[in-house]
Each structure stands twice: as structure tokens, then as C-alpha cells.
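Colleague: Residues per chain are reported as follows:
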Amino acid sequence: MAQGVQVVGLYVQDQDEALAFYVGKLGFRVHTDVRNGDYRWLTVQHPDQPSFQLGLFTPGAPMLDAVTAQALRAMVAKGAMPPLVLEVDDCRAAHERMQGQGVEFTQEPTARYGSVDASFRDPSGNGWKMVQSRG
Amino acid sequence: MDTQAPELLRRLLRAKDRMDGAPHEEWSVQRLAHASGVSEAHFARSFKQAFGVPPHRYLLTRRIERATALLRDTDRPIIDIAFDTGWASLGTFGRIFRAITGESPRAMRERARAAANALDRVPGCFLAAAHRPDLATSVLEKRRQAADATMGSIDKGRSHGTRRPGRRSVRAGPG
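Chains as they are written, first to last, in the numbering used here: chain A, 1 to 135; chain B, 136 to 310.
Every clue listed holds true.
Partner residues aside, some chain A positions facing chain B, computed with beta carbon under 7 Å: (1) Q13; (2) A74; (3) A77; (4) K78; (5) G79; (6) T106.
These are computed hints drawn from the structure, not numbers from a lab.
Beta carbons: idealized from backbone N, C-alpha and C, even for Gly.
Throw the hints in and build the complete structure from the sequences for me.
Modeller: Below you can see the structure in the form of C-alpha cells.
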């Protein structure tokens, strides 16, 4: 039995698009995908991290009013959401594989601070830093 | 002011990302408009509405941020740093740097080295962003405000409100 953070959610513009990206291109797996009317609880998991789920949620009813939802969609599209960091064994290899899948990189792999890092965005605008594990 | 659609904002973000990725390059409105798939006629206004500053001014903040990091973290000659961060001459670099940060590149370098800090737990990219100069007003406007403040005060010290990026504190982040 482990204690700790179980789910952290991202706001995305479109859950189908996000699912195709995180599962189809990044190699995550679907953990939960359930609907209740228009509401859809969708979480994915990194294959090496079974105790953590990344939620892919759209801002909107019934949690939020239309004006708030619109503001959040704008923030996501402007890349204004908080930093996200993905750790990988080999940044350059991951970059090559993901670029081949059509992932939008905003920074090529760069060696610095004793590691290699690159940056990419998901289709909604959420920005990820991809950092190579320090040997 | 009308609301900008998320689809437009996402495309404008591409132009911002391109400047972030290569701030030393020349970024004409034509090139930026092309990167975001927006017409040249609408690009600058749309960008400013989305991100609060005109695209050229945003580019200046990124160049100054990069130059500040190089001044602080390397021993490279200031003229090399000026050319590597996209300035056409040392004079232009020094003038704009001073207008934005309130001190000369050399003074900034000396001050940064004197201040030993313990920021190595913050990932470098986020630390750099926290040190990004805040250009809410244009460079010309900053100069005018500084001149007014100097003329209006007996104390000719740093009585004007010029922001000095190296002084902002950063808490430890991830990694």
C-alpha cells in the first residue's frame, strides 16, 4: 500500500485528441475512461509509473461556468499552464522517435547542467520539458 | 476587446515558441505571421492581445534574458555575447540592455558574480524564465521615465523604478 499523489490533471482542448497524443505518440496507457453525460473522467499512465495517473480533462460544465472555461482554454492555448517534466533514459532517442510521430518540439535536445533536455508541446499547448535521467 | 479563440491562440503560441527557440535570429512580422498561420496584417495586433506585449518587444526580453545568463555564467567577452544574442552592434546592445535592466552589461556581470546564490536546485530553464526582464512598457518609455525621475530628484541614485531582473528571488522548484 503506497501513499502519495494519485492523480494530477491537465486541461486539454479536446480529450480525444489528447488521448491520441498521450497514448498514441508518448506511449502512455489509458487508466480510466468513464463518462457521465457530457462529463468524461479520463486518466492515463506512464507504463513505468503504475501508482500515478495523469488526468486529461476539459474545462467546462458541470464543474465550471462558460466564462471560466473559456478563460482556461485560452490559458492552455497560450502555453500559460504550469511546467511539466518528463524523465527519459535517452533524450535524443526519445526526441527522434517522437519527432517521427509528429510531436511538436519547441527545443531540440541540448546538453547542459549535466543532462540532456528538450521541450515539446501537446496539441492543446501544454508545455513539457523532457529531461534525461542523470546517470 | 473581443475574445480570441483557443485555436488562434494556439497558433500564435507557435510564433512565440519560435522566438523562444532562436531569439538571436531576425524575426520579421512576415516570418512570425507565417509561423503562426495568421495574416501579416493581423499578426502584431493578435500577438499583443494574446501575450500583452508586441512581438518585437517580447523578442527583446528574450535576448536580454539570454545575454544576462551569458554575462553571469560565462567569462566570454561582452562583444561576443552581444553578437551571439542577436544584436547588430555592441553600442545597440549596451544601450538597450541598460534601458531595460537599469545597469550596463559590465555592471550586471560584476554584481551577479558578487552575489553568491544557491539556486542550483531549480531547473535552468525555469530559473532563466524567472530572470526574464519585464517589459511592460516600451524601451523608449522606460528611458523617458528614468530621465524624469532623475531630473525630479535631488538624490541621483537609483530612485527610479527600473526593474532589475537579477534581484528577483526564486524558490526551489522540481528536479
